[in-house]
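Under our numbering, the first residue of the sequence shown is numbered 51, with each subsequent residue one higher.
Bear in mind the hints are in silico, worked out from the structure with no lab data behind them.
For each residue, glycine too, the CB sits at the ideal point set by N, CA and C.
Warning: the hint list may mix true and false statements.
[Said to hold, decoys possible] What follows is a list of derived Cβ distance ranges for each label pair: (1) MET195 with GLY95: 25 to 33 Å; (2) ASP273 with CYS207: 17 to 25 Å; (3) ALA66 with GLY161: 12 to 20 Å; (4) GLY125 with ARG225: 38 to 46 Å; (5) GLN276 with ARG140: 22 to 30 Å; (6) SER237 with GLU196: 37 to 45 Å; (7) GLU82 with GLU196: 18 to 26 Å; (8) VAL52 with GLU239: 28 to 36 Å; (9) LYS240 with GLU123: 41 to 49 Å; (10) LYS173 with ASP144: 34 to 42 Å; (11) ASN220 with ASP80: 20 to 28 Å; (12) ALA107 with GLU264: 24 to 32 Å; (13) GLU264 with VAL52: 48 to 56 Å; (14) GLU163 with TRP109: 30 to 38 Å.
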Amino acid sequence: HVGNTSTVATLAGSSAGEQIIAMRHDVDHDLELALEMAHHEWRLGCKSTYYLLHTEAYWDDPKFPLLVRQLKEYGHEIGLHANVLTQWMRGEIDDVELEIERALAHIRACGVEVIGVCAHGDKLCYENGFVNYWLWKELRGDNPMESEDGISAEGICVDNPAYKIQYPPNHQLTREDGATFPLWSISMEKHGLKYDAGKLQQEHYWSDSGGSWERSGDPMEGDFSQGRHQVLVHP
């Protein structure tokens, strides 16, 4: 239906008026299943971006380097599915930037380039009121209280009040032990990152949730003949 697809990095480097369909996969659970999807896309001549989640069990699988290299061999882009503020809020880590460095190094050690990142919509984001990209300095707008208040954990506008996150007016997160984290305090550029998938300019954004298209509408009913599209399918 959508034709040949491109990576999200291609979308990040595009300009208004171009026609691009960027295919994206957030690998929340099963890297081997994602690799199967990547194989079918390769056979079809399509390219995608696979964002790998550093808090999921497959991250420490001995087969991880092999699977990541195979994703690369299929011609796909590989990025980081960032969940570090969730780790910090749970008290699992204290140094957010160090965890970013570790996660990126783990993927890059497999011999792949990582220039893109996207925020994981963890359940804790809704319970504690934060979005996982609120750490990046380059993504801070002039008035975060206006631009970020009421968005979902994926960074998109939603109608359902259950998925609207309130932005903290003091621009910081506070966890149960009293520790605080200043938002927008870590540089993407310092860590070799050029874009966040959730903050790109595009005309159309499509995303499944739990295997359905409730949030964005069904892309199979969309017109992909013009404009820039980002299509997120969870493997």
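So, going through the hints one by one against the coordinates:
Distance hint check: the CB atoms of MET195 and GLY95 are about 45 Å apart, inconsistent with the given range 25 to 33 Å. Checked against the hint of 17 to 25 Å, the C-beta distance between ASP273 and CYS207 comes to roughly 21 Å, which is consistent with it. For ALA66 paired with GLY161, a C-beta distance near 35 Å fails the hint of 12 to 20 Å. Hint check: GLY125 to ARG225, Cβ distance near 41 Å, so the stated range 38 to 46 Å holds.
Checked against the hint of 22 to 30 Å, the pair GLN276 and ARG140 fails, with Cβ atoms roughly 44 Å apart. Restraint check, SER237 to GLU196: a C-beta distance of roughly 23 Å breaks the suggested window 37 to 45 Å. For the hinted restraint 18 to 26 Å between GLU82 and GLU196, the CB-CB distance of approximately 42 Å leaves it violated. In this structure the supplied range 28 to 36 Å holds for VAL52 paired with GLU239, their Cβ-Cβ distance being about 32 Å.
The hint said 41 to 49 Å for the Cβ distance between LYS240 and GLU123, and at roughly 29 Å that hint is violated. Taking the beta carbon of each, LYS173 and ASP144 are about 22 Å apart, not inside 34 to 42 Å as hinted. Our hint of 20 to 28 Å for ASN220 and ASP80 is violated, since their Cβ atoms are close to 39 Å apart. Evaluation of the 24 to 32 Å hint for ALA107 and GLU264 yields a pass: the beta carbon distance comes to about 27 Å.
Separated by about 20 Å at the C-beta atoms, GLU264 and VAL52 break the suggested range of 48 to 56 Å. At about 19 Å, the CB distance of GLU163 to TRP109 disagrees with the hint of 30 to 38 Å.
Consistency with the previously given hints fails for numbers 1, 3, 5, 6, 7, 9, 10, 11, 13, 14, ordered from lowest to highest.
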